[in-house]
Structures are given as C-alpha cells and as structure tokens.
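Number of protein chains: 2
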Amino acid sequence: LNHLNYQTLIATKAARIHEIGLGRPLLEFGIRRAHGKGGNAGARAALIGGADFTSNVGISHVLGYPPQGTHAHSMVQAFIALGYSELEAFQAYADVYPDDCLLLVDTVNSLESGLPNAIKVFEQLRQRGHEPVGIRLDSGDLAYLSIQAACMLDKAGFPDTTIVISGNLDELTIWQILTQIQGEAPRYGIEPDDLIGRLVYGVGTRLITSRGNSALGGVYKLVAIKKQGQWEPAIKLSETLSKTPNPGNKRVWRIYDKRDYATADLLGLGDENPQDMEGLRLHHPTDHTKVRVLYQDDIAEIEPLLVEVLRDGEVVYKNHTIEEMRQQRVSDMERLDPGVRRLIKPHIYHVSLTQELWDLKQDLIRSMRQ
Amino acid sequence: LNHLNYQTLIATKAARIHEIGLGRPLLEFGIRRAHGKGGNAGARAALIGGADFTSNVGISHVLGYPPQGTHAHSMVQAFIALGYSELEAFQAYADVYPDDCLLLVDTVNSLESGLPNAIKVFEQLRQRGHEPVGIRLDSGDLAYLSIQAACMLDKAGFPDTTIVISGNLDELTIWQILTQIQGEAPRYGIEPDDLIGRLVYGVGTRLITSRGNSALGGVYKLVAIKKQGQWEPAIKLSETLSKTPNPGNKRVWRIYDKRDYATADLLGLGDENPQDMEGLRLHHPTDHTKVRVLYQDDIAEIEPLLVEVLRDGEVVYKNHTIEEMRQQRVSDMERLDPGVRRLIKPHIYHVSLTQELWDLKQDLIRSMRQ
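Protein chains in written order, with this note's numbering: chain A, -9 to 360; chain D, -9 to 360.
There may be inaccurate statements among the hints.
Copies of one chain are not kept apart here, so a pair can be met inside one copy or by any two copies together.
[Stated by the list, open to error] Derived DSS-like pairs (lysine-lysine); straight-line CA-CA distance at most 30 Å:
1. Lys351 - Lys211
2. Lys248 - Lys110
3. Lys233 - Lys211
4. Lys27 - Lys308
5. Lys217 - Lys145
6. Lys216 - Lys248
7. Lys335 - Lys145
8. Lys217 - Lys27
9. Lys110 - Lys217
10. Lys110 - Lys216
11. Lys233 - Lys335
12. Lys233 - Lys110
13. Lys308 - Lys145
14. Lys27 - Lys280
15. Lys308 - Lys110
16. Lys110 - Lys211
17. Lys211 - Lys280
Treat the hints as calculated values from the structure; they're not laboratory data.
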C-alpha cells in the first residue's frame, strides 16, 4: 500500500504536468526535495506517468535510462570565486561537453550576463564544428525571460537551441507560462509556437512530492473472506457514504463507447461478466437515484482491468519495461475523454457498480445496521 | 540534501503536532501513505521530533523502539463476514492480548455498537484479573465522540482507559478538537482535563507527508572554495534578496538572553567569535535598515551550533540514540520563546548576520553586479 499509493500519486502528477506541456519534454528534477529514499520510486513513477528523463542518476542507471540535467550554479560560482568569469566557466564546460552544451544562465543575471556569455560560447563551439544544445532559465519571470532569450538566440543565429525552464514549476505554473508566451511573444516578433517548440520543463519539488496533495488516500479494507472455499463478502460502515467499501470478491472493467473513449469503469462481482449482460445497468457508487443503462450496441470494447499478479504466493505477472509502461500510459490517456482530462474541475469519472454488487452492498449495510 | 530536507521537515511537523497536544502521547501512523521507502526515515524523524511511538514495525525494530498501534477494521470485518459479531471479534482479541486490549470501535457504529461491546469485553477482562487499555475512535466528530465515550466508560467503571483518536489529524485539527472538548465536555458532566488526560493521538498522512507543505526548501549552494589553503567566498545573485546565499566559510551561534530563551541565531565568518565582541551587531538577513545591538551583559550563553561531522573524509561525529535526540529536542524547544513556538503566525526568528559577514556579502554583490 505504501508503494502503491505514492507511485500512483506521482505517476498521476507527472501525467497532469505532461498533459499541459503541449508535448514538450519533461525532466524530473526533484531528488533533493524528495522524501528520502522514496525519491527513487517517485522518479521511476514520474517516468512512467509523463516525465521523459530524470536528473536522478542512480535510478536512471538502475532503469537503464539516460539521466538528464544541467550543470549547477556552483560550477559558475566556483569560477568566479577563484577570480575567473562566468564566460570562462561556460567555456570550460563547453570544452568538456562540446556536443552536450546546455548552460545555466542565471547565476549572475540571465539577460545581461548569462545569455550574452552563452551566445559567445555557442559561437566558439560552432566555429569548432559543434552545435550547442541550449540554455536553462531557473529564476525570474520565466515567460518573459524565455521570450527575451529566444529573441537573443534567434538574432545570434541559434534559433533551434533548447530553452529549459525550471523553478517551482507544476502544471498550473506551466499552463500560465505557456498562456503568457502565447499572448506576449508576438509583441517581440517571436512566433509563440516556435518558442514553445524549443521549451523543456525541469520540474522538481512539486512533482516528486505532489506538493499540495502529497498523499493518495488508498486504503486496505477487507471486502471478502473465504469460508469453506466460498467468498463471504465483508463490509465496514461509515458515517460518510463514499467511505463504505464495496464488498465482495470483485472484478473491474473499463467500457469504451463507439468513439473509442472510456465511458465508464464498472465494478462487479467475480462471477459477473458484462459481455453477457443485455442492458448494462451502471449504478452511481453512492447516489441511489442515479442509474445509467448501456446497450451492447453502444459499446466498442469491454476491457477487464484486474490483472493477476500473485497466485498461491507465486508471482504470475510478467514485469514490463519502463518503455512498455510509458506506451501503456500514452494509449490509456488517449482513450480518456477530454472532459475527464481537464486540469481544473474535470468531469468526474465515477466507478459504477453493477446491479448485483449494488444489491449486495445495500443488503450488507442493512444487515449490519440491525 | 535529500535526507536532510525530508527528515528536518517531518521532525518539525511532529514537533508542531506534539506542541499542540498538551503533552499527550503522539503515535505516528503514516506508513501506508508515506512516500515509498522514505516512510522509514520519516517515522524515525517523527520519533525524534515529537512522536512517542510509531506503528511502523520495521523501523521500530531497527531503532529498538516498541511499535504501537491498534488492531485493524479488517479483524472485526472478518468475524462479521464469517457469521460472528463485533463482540465476538473483541472477545477473541482480548483473549490473545488480555493486558494490551485496546479496541477499535468504529467498524459498525462507535456509540451504538463498538463502545457497548468494548465495555462488555472490558468487564469480562476485569473479572479475569486484567485491566483493559482503552478504545480507539477513527471516524466521525472526534471531539463529540470522545466526550460520549468518556461518559460511557466512566459510567461503566473504566475512568482511566485510554481514548485514542485518529483520522486525518494534524496540529490544527487536534487544536480544534481540544478546544471543542474544553467547551463541550462540562455539559455532559465530564471534566475536560480528565478527558484530555486520557487522549492519545494517532497521526498518519498529514504527519508523514507534512501534507500541505510537503517539502522543505533546503538547497546546496557553493559559498566558499579553497584556493591555496585560503577560503575564497563565492556568491550567486538572485532577483529575490532572500534567495541570495550568504557567502564564505561560516559558523552559526545561538544567543540566549538572561531569561535563558534563545534571542537570536547569528551567522558569522569562520574566524569570528561572538564571545570576543563587545557590542554584538546583529544584521537582519535582508533588511539593511535593521540592526540590533546586544551587549555581553544581556547574554546568558552563546552556543555554537555548527557541529563537525566529517573531517578529511572521516566521520568524527558520535551518533546519538533516538532517546538522546528526543531529549535534545525537548531541551532546545524549552529554550524557545513562546512567541516563536506559536502555531499560527509565530514571531519570525531571523538568522542574523555579523557586521563582518554583512559587509562581505554587500561587497560581493556589488562586485558581481559590475
């Protein structure tokens, strides 16, 4: 439960951030703010959920993924403290990484010092036959600065360099930055889509800790117990209707409509099969007045979601690679209705109950109350 | 940094929760919602910061601490599903743990089922020469229910049994519950102090993830670098004054006033010693208009806070036991002014700079800007 809750939370958060980012790469930058060793599982979950790379070198190594990040401020600071300049720090870095040269430009001042110095180094690199990768902005008004950076880089002949933005980003901040770029960039002669097309997001704290909603409330509740080979359903009452667990040995299915969008998730008892049901009655999980009926003609596919992992103490599940899980996430997400995917006040996608499960639940609640 | 940030955060959160709890025991219950394996370090940090025990069996074992928790709802649910009753579940539990019998009473209904059943079991236990430990309330209005539970337990002759409360608790919720008990209990003939004196808090999600503020923003910044055996100070500029790091090889001291309360933390350069300073000039960390002067006559103690842990790659620090760290926390907390310890809008305790450090910082900022 400890592992499930956290990793599901972070994969979901990463999916939300990726979703708003207009397809641009997302780098997970959070290890320093992660909850101890949990950060490793979080970085892996982020990769599955929507991050393209992580700066967590250890977990990248374990997963066989290349880590991605930039140099630190300390590299530039060390040069300056020893009597050299930001330019010399950048040059030294470019000497070591001529083909991976991405420079963090805000140690002194992004527009007045960092960018002019980065452009000098990029020109020197090009003269030596290398193409620079880009720059990183880590403070200040990231929308404004990225527009100005794009102007300067374009003018200097580097219209294709990447602009990494970072600094307390999350899905809402990125959304706001993109909106601001779309409105502001044309005033400076920059095509917003061109600028957005060179952005990369570095997201740390607010991804790895899902800041603001740092826990997913998954619980372990007994729902059935075997008595002489038969499942006996179990229940627990609660003052809050939605907290009363659904009893019994159950299955869950996802039902796709003719548009190939998921239209409902349906929870039923283990011996039920929605394929066999003529008029599929979907009960709202708690509101007894709401029942929806689906006919097989309206249904494109019924996908069983429950996957067997353990049988008699043996693992019967084949592990998937990160890449396979990423693909699964992409194809699952594509089959969700845009209304459900909305970032703020999305359409709530309830997990409905079959008639049989609904009846069982009501019976058990009644018998417990007596 | 990963380990420092998280553990400091959770120890602080635990201290806040302990602080508001009027000295009653605090149990850390968060493992299922913790960030993966990070939960172990979090439980340890909670024990140092203010929790008395944790339900995390693994880390308790490692630390040599007894774990503490209660039985789960599933125990009662299993009995009911198999055709027995809540009372029989409680009796079975009491048979196994006659001297540690603490019963979770909200599986069916706390006041109508759980408590009457618990009282029956407690009476049976007493007849057999054992004293029951208490009950746990895990849902509903915990202030109201704990008052009603106290009434019922008192009337049944168990005025000393513990009442554990749990369910999305944090420092503010506990504060509210205690305030409500103080106001409401007398109406039911219950002395508030007596009731509060039998409470125990079980705090999970909001402690182990510091929900709402799930990260402490500790950073690694280069502040000095050795050049021919000499420390050269380094700096990084920032648009935000408070984010510009304090340069140089530094020390930090805590200064106690004649009341033996900490009156200031002072950051100075490595070769400075506040003991030698006649009029100690404390510079506000960012506001250049604020300087405070302390004279040695006003000072009870100057405590150096920086402790050497590594020297030339060797660990030179003696590890302390959890108990020693708890003691340290208690004595440190006692020397903080009540205004600083206040839960909401506390007096902000700035870390001040010495004159020498202040001057160095201004010089470096000026030279970077040029």
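message: Could you work out which of the previously given hints the structure breaks and list their numbers from low to high?
response: Hints 2, 5, 6, 7, 8, 13, 14 and 15 are the ones this structure does not satisfy, whereas the remaining hints hold.
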